[in-house]
Each structure stands twice: as C-alpha cells, then as structure tokens.
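**Student:** Sequence:
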Amino acid sequence: MLRFPLWKTILTLAATLIAIAICVPSMIGPENRAKLAAVLPSWLQPQSIVLGLDLQGGAHLLYEVDRADVVKTMTQNLRDDLRRLLREEKVGVSGGVGVTARGVQVRLADPKDFARIQTKLSQLVPLAANAPGSGLDVSNDDGLVRLTITDAAIDNKVKRAVEQTIEVLNRRVNGLGTTEPNIQRQGADRVLVEVPGLQDTNRLKEIVGTTAKLEFRLVGEPGAPPGDVEQLDQTDQPGKLPVEKQVMVEGEDLTDAQPGFDSRTNEPVVNFRFNIRGGQKFGQVTSANVGRPFAIVLDNKVISAPRILGPITGGSGQISGRFTVEQANNLSILLRAGALPAKLTIVEERTVGPGLGQDSIDAGKRAAYWAAGLVVTYMLITYGTFGVFANLALLIHISMIFAMLVLLRATLTLPGIAGIVLTIGMAVDSNVLIYERIREESHAGRSIISALDAGFNRAFATIVDSNVTMFVVAAILYFLGSGPVRGFAVSLALGILTTIVTAVTMTRMMIALWYKYRRPTKLPI
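Straight run, no breaks: the sequence shown in our numbering ends on number 1983.
Think of the hints as simulated: they come from the structure by calculation, not from any bench. Quantities reported herein were computed from a predicted structural model and do not represent experimental measurements. Be careful, since some hints might not be right.
[Said to hold, decoys possible] DEER-style ranges, computed between Cβ atoms:
1) 1767 to 1565: 46 to 52 angstroms
2) 1821 to 1493: 26 to 32 angstroms
3) 1613 to 1550: 34 to 40 angstroms
Glycine included, every Cβ here is placed at the ideal spot set by N, Cα and C.
Put together the whole structure using the sequences plus the hints.
**Tutor:** What follows is the structure, encoded as structure tokens:
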C-alpha cells in the first residue's frame, strides 16, 4: 500500500494541476477572462462553466400547438386524398368535395360505388403511421358519404406535431449560436423553450414562431384555369401575383441554406442547395420552362419571382428579396431547420433577468460554503492529520467536478449546484469508511503498515459498491428526467466518478508520502 510509484504520483499531481487550470477562467470574471484569452494561443483559449437559465438569466417561452390548425391541415389533406382516391377508382360524383368542421363529404353519382371504395376510405387517415386502425368515422346516407376525423386521430396527430416541433426548434435555436437551450414537451400539446443568456425574446419569437414553408412554383400564365392558380401577396412590392397551385419543388428537398451577398449588387441573399431528388426536379422544371417567371414562395408569400434564363442543373440557387443582413441570416436558419408541422401560440413568456440568477448563485454559494465548512471541521476534529488529507482530497474533488463540467460543456443549474453539495458529503464518506477500517485494524494490534493496507484494501469494495449504486440512480435520473433533473444527475454522476479517484488514489498517495517522510510510531487517528 505504501509503495506508491513515482509515475503514478506525477500523473496524479498533473491531473490535479490541469483540473485547477481549467477551473481558473470560470473564477476570474469575464473581463479578466478576455485579457487571458488575448495572450493565449488560439488552440488554448480559456473556457468557462456554462450557466443555466436559473443562474445567468435568459428567455423562457411556453408554446402550445394550435389544435384547430392541426385539424384544418388534416381536413385539407383528407380532401386531397379523397379526390385522388375517387380519381384512381374512377368514381363519379355530383358536385365537388365539400369541407365540414372536422372532415369532408361528397355525393356519389352512383350510390352503389360506396361498397367498392368503403375499405379504402377508412384507410385514408390511419390512427398511427404504419399501424392498423382507422382515424375516420365513415357514414353513407344514400350516396352522401361523410368522412369525420376522430378524436383519437387528432390526438395522435397533435402528439406527432409536438415531437416534430421539438426537433425543428432544436435545430433553429441551436442555429442562433446560443448555448445549451432547453426544449422539451410539457403536457400533451405544449413545448417549453428556455435559452440561457438570451435577453432578446423578440428575435427568439421571430425564429420560433415562423413556419418557414418554402415552395418553388411557376407564375401563372394568362388564360390558365382559375382553379389551378391562386393570388399571393408579394413581400418586395405591393399587389398580388398569380401563382400556380402545383408545387414544383418543395423546401423539404433543401440540404443547406447559408446567408451571403450577391456578387453584382452586393445585397444580402440566401444561397441554397438541394439534395439529389430536389436537384433533379429543379433541373427538370427550369429546363422545361425557360423564359417563365419562377416564384419562390415562403409562407404563402412571394419573396422573389426571377425569370428562368436557362436550365439550372447544379442543384443550387439563390434567394434575393431586398433582405437585411439579419433577415438573410434568420431566413437561412429557418430553411436549414425545416418547417414547423403546425402553428404555435405563445401561452407564457418570461424573461429571467441576471439579477435573479445572481441571487440563485449567491444562495448556492452559501449552501456550498456551509456544507464544505462543516464537513472540513468535522474531519479535522475526528481524524486529525488524516482529516487534513481528506480535506485536501475534497478540494481536489470539487476542482475536478468543475473541470469536467467545463470540458463537457455541460450546463450548471441550481439543481446542479445541489448535486455538487451532495457529493461533498459523499466524497468524505469514502474516507470515513477507510479511516474507520484503519482505526479498527490499529486497535486490533496490527502494525501501522498492516493497518493502513487493510483499511484501504477492505474498504475499497464497499466504496465501489456504494458509488456504483448511486451512479445507477444518477443515470436513471438523467435518461428519464428532463431539464433541472438532468442537471442534478450530471453533477451527481461527475461527483461519483471523481470521488473514487480522490478518496482512494489521492488520499492513499498523501498518506504514503506522509509515512515515507515522517516514519510515525503511532497512527494519529
């Protein structure tokens, strides 16, 4: 036990010094950190601990998926699917397909056709993707067929809309360059968005609340059937523009969109690139319609309608619309992230000021100071010199936790501080197990070396078992919890990992060096 190799001592001390060096930038303040960054090379820039919303302030928005908008979209899709089905099955109708509050209705020219298409009608709205069951109530009143969307189908659609919304918002908010946003489900139809450090809620609302549905359509020609053309507003000039309803290329085929500047006019633009499928479609459309205006439609508004001068087969293009630099950047973020599946409405909006965060930091500091002070005092009174070793290991333990938080870019929240305070007690608990075992062996008449060796070896299994159990609990909290619970789990898990290193390796090294140079005749414990 007392044969501690030189290489292991050097490695342990190096790890301790590195951990302290990583923690220093978080303790010196933003101004001093900027000065330090100026003198250090680019590959060695100082990093600080990322603070959560409850510690540094930020934006807090609670959104609700508009159920009425979901029903409207489902009804429109059902109408289009019904028209397609009737066309494929060659079923005649009297009049068109009518839209009701939660479905559609149509009168068949021959009521006997209902039996032939009844099964396919019930499959138009499944309860879940690739799952059996119908989300439609189908009724037939002498050829008048009514299709009504069920509550179960609407609930399933809302659930999937929330899941898709979370994915889209994650991409959008991360595109803002913010650190560790918290985006999660709340209830059946709500999404919570928390962005630490962001005080400009208007920009966040602009990014989150825009649907960004991009479509490429041909401008309608004179004499086109009125049912195939719709009048859309233009963003760059007054008046409406007739645009064909058929979507030639969808924004879903975009693989990238980046802000840039037009080489001729030097105006801000958005450069986009399609995937293989989108590039092929774009090339076919531009090849077959040279000379025609091609409308770029964003959220049912024409932002640009350039004339096709020649086939564009490279799979890339440019959107211009008298943008500002910020507008071009925001539009590129929206296009990269994709469209929201449903309309969102703000239920709650709150800006957490840094003052409240500072109060939380001060409260967390007081709790940590009191906990550390009481633990240090207890260890000194109870174990004397060995208590000093335990307290030094405790300081290194805390330094390593903060260093790992910095390296992992994990967000430190108020519950995370609580987890660190908890690990302070857990860290010295391992030393207590070792010291009490050493005390028992010493009272039993063993020599100093034998008592120290037995104390560490026999307590090691107990320490590992207890910490593994706690680590399993932290892992469950992390994977099943969310938000602050996960923050607590992260700090607890990191504390458990560093506890084994500091309580066993670090303490053993200090006791070995102490015995080597002091050669005591009696254990001071």
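**Student:** Given the range 46 to 52 angstroms, decide if the beta-carbon distance of residue 1767 to residue 1565 lies inside it.
**Tutor:** The hinted range 46 to 52 angstroms holds for residue 1767 and residue 1565, with Cβ atoms some 48 angstroms apart.
**Student:** Measuring from beta carbon to beta carbon, are residue 1821 and residue 1493 in 26 to 32 angstroms?
**Tutor:** Cβ of residue 1821 to Cβ of residue 1493: about 30 angstroms, so the range 26 to 32 angstroms holds.
**Student:** Given the hint of 34 to 40 angstroms, check if residue 1613 and residue 1550 actually sit that far apart at their C-beta atoms.
**Tutor:** Since residue 1613 and residue 1550 have Cβ atoms about 35 angstroms apart, the given range 34 to 40 angstroms holds.
The structure meets every hint from the earlier list without exception.
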